[in-house]
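As given, the protein sequences belong to chains A and B, one line each in that order.
137 is the number of the first residue of the first sequence in our numbering; add one for each residue after it.
137 is the number of the first residue of the second sequence in our numbering; add one for each residue after it.
Note that these hints are calculated values from the structure, not bench results.
Among the hints, erroneous ones may be present.
Which copy is meant is left open, because identical chains are indistinguishable; a pair holds if it fits in one copy or across any two.
Claimed, not checked - Calculated pairs, BS3-like style, for lysine-lysine (alpha carbon to alpha carbon, straight line, at most 25 Å):
1. 393 x 315
2. 168 x 277
3. 277 x 393
4. 465 x 445
5. 314 x 393
6. 449 x 350
Here are the chains, one letter per residue:
2 protein chains.
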Amino acid sequence: MNRKLPLIALLTIAVSYISSAQNSPSIIEDFKPSTKNQPGKEYPQVNSQGYARFRIEAPAADSVRVSLGLGGRGGTKLEKGEDGFWVGTTEGPMDEGFHYYHVNVDGGTFNDPGAKNYYGSVRWESGIEIPAHDQEFYALKNVPHGKVEQILFPSPSTNTSRRAFVYTPPGYAENPNKKYPVLYLQHGWGEDETAWSNQGHANLIMDNLIAEGKIEPFIIVMTYGMTNEIKFGGLRNFDITPFQTVMVDELIPYVDKNFRTMADASHRAMAGLSMGGMETKMITLNKPDVFEYYGLLSGGTYAPEDIDKEDVKLIFLSCGSKERPERIKEATEKLKEAGYPVASYISEGTAHEFQTWRRSLKEMAPMLFAK
Amino acid sequence: MNRKLPLIALLTIAVSYISSAQNSPSIIEDFKPSTKNQPGKEYPQVNSQGYARFRIEAPAADSVRVSLGLGGRGGTKLEKGEDGFWVGTTEGPMDEGFHYYHVNVDGGTFNDPGAKNYYGSVRWESGIEIPAHDQEFYALKNVPHGKVEQILFPSPSTNTSRRAFVYTPPGYAENPNKKYPVLYLQHGWGEDETAWSNQGHANLIMDNLIAEGKIEPFIIVMTYGMTNEIKFGGLRNFDITPFQTVMVDELIPYVDKNFRTMADASHRAMAGLSMGGMETKMITLNKPDVFEYYGLLSGGTYAPEDIDKEDVKLIFLSCGSKERPERIKEATEKLKEAGYPVASYISEGTAHEFQTWRRSLKEMAPMLFAK
Chain A
137 MNRKLPLIAL
147 LTIAVSYISS
157 AQNSPSIIED
167 FKPSTKNQPG
177 KEYPQVNSQG
187 YARFRIEAPA
197 ADSVRVSLGL
207 GGRGGTKLEK
217 GEDGFWVGTT
227 EGPMDEGFHY
237 YHVNVDGGTF
247 NDPGAKNYYG
257 SVRWESGIEI
267 PAHDQEFYAL
277 KNVPHGKVEQ
287 ILFPSPSTNT
297 SRRAFVYTPP
307 GYAENPNKKY
317 PVLYLQHGWG
327 EDETAWSNQG
337 HANLIMDNLI
347 AEGKIEPFII
357 VMTYGMTNEI
367 KFGGLRNFDI
377 TPFQTVMVDE
387 LIPYVDKNFR
397 TMADASHRAM
407 AGLSMGGMET
417 KMITLNKPDV
427 FEYYGLLSGG
437 TYAPEDIDKE
447 DVKLIFLSCG
457 SKERPERIKE
467 ATEKLKEAGY
477 PVASYISEGT
487 AHEFQTWRRS
497 LKEMAPMLFA
507 K
Chain B
137 MNRKLPLIAL
147 LTIAVSYISS
157 AQNSPSIIED
167 FKPSTKNQPG
177 KEYPQVNSQG
187 YARFRIEAPA
197 ADSVRVSLGL
207 GGRGGTKLEK
217 GEDGFWVGTT
227 EGPMDEGFHY
237 YHVNVDGGTF
247 NDPGAKNYYG
257 SVRWESGIEI
267 PAHDQEFYAL
277 KNVPHGKVEQ
287 ILFPSPSTNT
297 SRRAFVYTPP
307 GYAENPNKKY
317 PVLYLQHGWG
327 EDETAWSNQG
337 HANLIMDNLI
347 AEGKIEPFII
357 VMTYGMTNEI
367 KFGGLRNFDI
377 TPFQTVMVDE
387 LIPYVDKNFR
397 TMADASHRAM
407 AGLSMGGMET
417 KMITLNKPDV
427 FEYYGLLSGG
437 TYAPEDIDKE
447 DVKLIFLSCG
457 SKERPERIKE
467 ATEKLKEAGY
477 PVASYISEGT
487 AHEFQTWRRS
497 LKEMAPMLFA
507 K
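So that you can see chain A by itself, here it is in the shape it has in the complex:
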């Protein structure tokens, strides 16, 4: 402490510090618990501007940081209160939608005990939801709901039973003779087969689109796409073969046997986000007879010369406006010029995160299996 400063100056500094940290006039004090909190937990909270505030108990800790904050600035440093709780608010508003994060306590990586956990970055991470202006399309509403079914399908190639989740639309049980098209929908690197329903709300997006009459019902199948080769390493030396075998030779036949599917390429789509897009591109190109609808969500592009197939019904390309939308636009133009049925979508104001992919699914779904 600088002993030359008079008390009034110190108080001024202290007050302005507290003010900027917690009560800046620019921050509206209407914080509410995040919708991704564990039952009954008051923190983390978010306000109407998209700021996030954290409060974590660790009375004897020397340092508590939250990985979430403004990009590239090392997250949010929390300050310790006299009650032993560490509190802090993000330096600025966050992008709308879902974010993974974790907490650093004295150099160790933990989760926020107030938040629910979501598998991302090859670990169960804390999750927080910044309310989006368009959140109604994935809200839980009083409409007929489909089911999300966990299946365990035999996988001789990996010598185990593997898990997948299957969304069946409302009406599936009541219409025992009706058959449905199928979308195979993949998660990104470091995520797993829980991502699209837990943090993506794929089931609620579908329920709402169906209730509004915007799509014809279809089935969605989501499985684990991190085969051993890429499980805990990077994407270099990526070999699609093991996962392609699981997908095409094991999962699809199991689904076609155990669900009422329209079991041909013209009623089968594959899409994925990020690494799942890369997998989608490889498998759809390697196996042109299996799928006729392709979707890459923040997952690269197709060039016309990649595609050795005349009867592709749709190529859907998307990403967030904070990614590299110009690449999506350029690829879309080239595919269009080459005569392919292509559609693209840029999610405004979002980056390489789930809000981009929720919106992409909502945009893509009505174009799939269209008559």
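Add chain B to chain A, keeping to what the hints say.
What follows is chain B alone, placed relative to chain A:
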């Protein structure tokens, strides 16, 4: 440090300390990662004797404890290594089966970043599995697998859509005209509708029993039993009415409409563990026309005078040998004397934990819906 001790004495003390803490001759050094670890995580580990060893990074922390250890002794205190990781082994072997735990870092409650999370104690807790001598009955095997389906059913009484998980046995899809009995199976206090399939492995227990021909297939329905009144408080002033309404007036009709059930009391069972047993007792007694099979797993007992119903088909009572088995035995005798069809089961060497309830489900299932 006591400066009067010669160096050799200090070394002797140091060596014996390290030895007792980590390398006691009584601890067999065959530790392996717990089967409940997150993918790729080496810790926590368990050995063949049932000891658990933890290793958690927190280089700048002053204190790291794990809540798991021998009963009533405050868990396991970890010791910090030079690499910034805190390591410790339970003082003795743990009971076989699944245990919830958490980590205390400098006074704050967090989860072990190596373990997967399971909802218990009204929070997502870390979980660890001590291999049990009888673990085969809930192992993932190469047998036909049923599905676990997430449903969202309308609940006007609570003004929302509520979640349940429904186990449908293998063969359900292939036999579109077959109808099945239903077991409504409840979790305990502080848990939720994920407990019976995540940590209870109810689906695998069923798959294995069916594959061995020990039971006729039936459906299991698991929903959230913590209604608002008891959500975050205790069990005093417990009012069964809100949950009874959800169960009897909303969930059962939805299941009977959306699944191929045998929709009468003689093909409907209710059972629950701990608080779920208390709910089972209240609802089965309040609604004698709805269920004819009752199961209380570490969840109390029925007295003959409680029951105002002649055609109850089975009363199943169970608990762990480390709970109060004499109460189960006494109640069983009295019910038997009064002429009720009663069966009981004591899980040897286990307490008020999930291994007791996994075994109880395995024992109870063959007695349900018997011809």
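To see whether the hints hold, each was checked on the structure:
1. 393 x 315: Intra 12 Å, inter 20 Å, cutoff 25 Å: intra and inter.
2. 168 x 277: within (21 Å within a copy, 45 Å between copies)
3. 277 x 393: For residue 277 and residue 393, the Cα distance is within 25 Å only across copies (20 Å; inside one copy 32 Å).
4. 465 x 445: For residue 465 and residue 445, only the intra-copy Cα distance (22 Å) is at most 25 Å; the inter-copy one is 71 Å.
5. 314 x 393: both (14 Å within a copy, 17 Å between copies)
6. 449 x 350: within (19 Å within a copy, 49 Å between copies)
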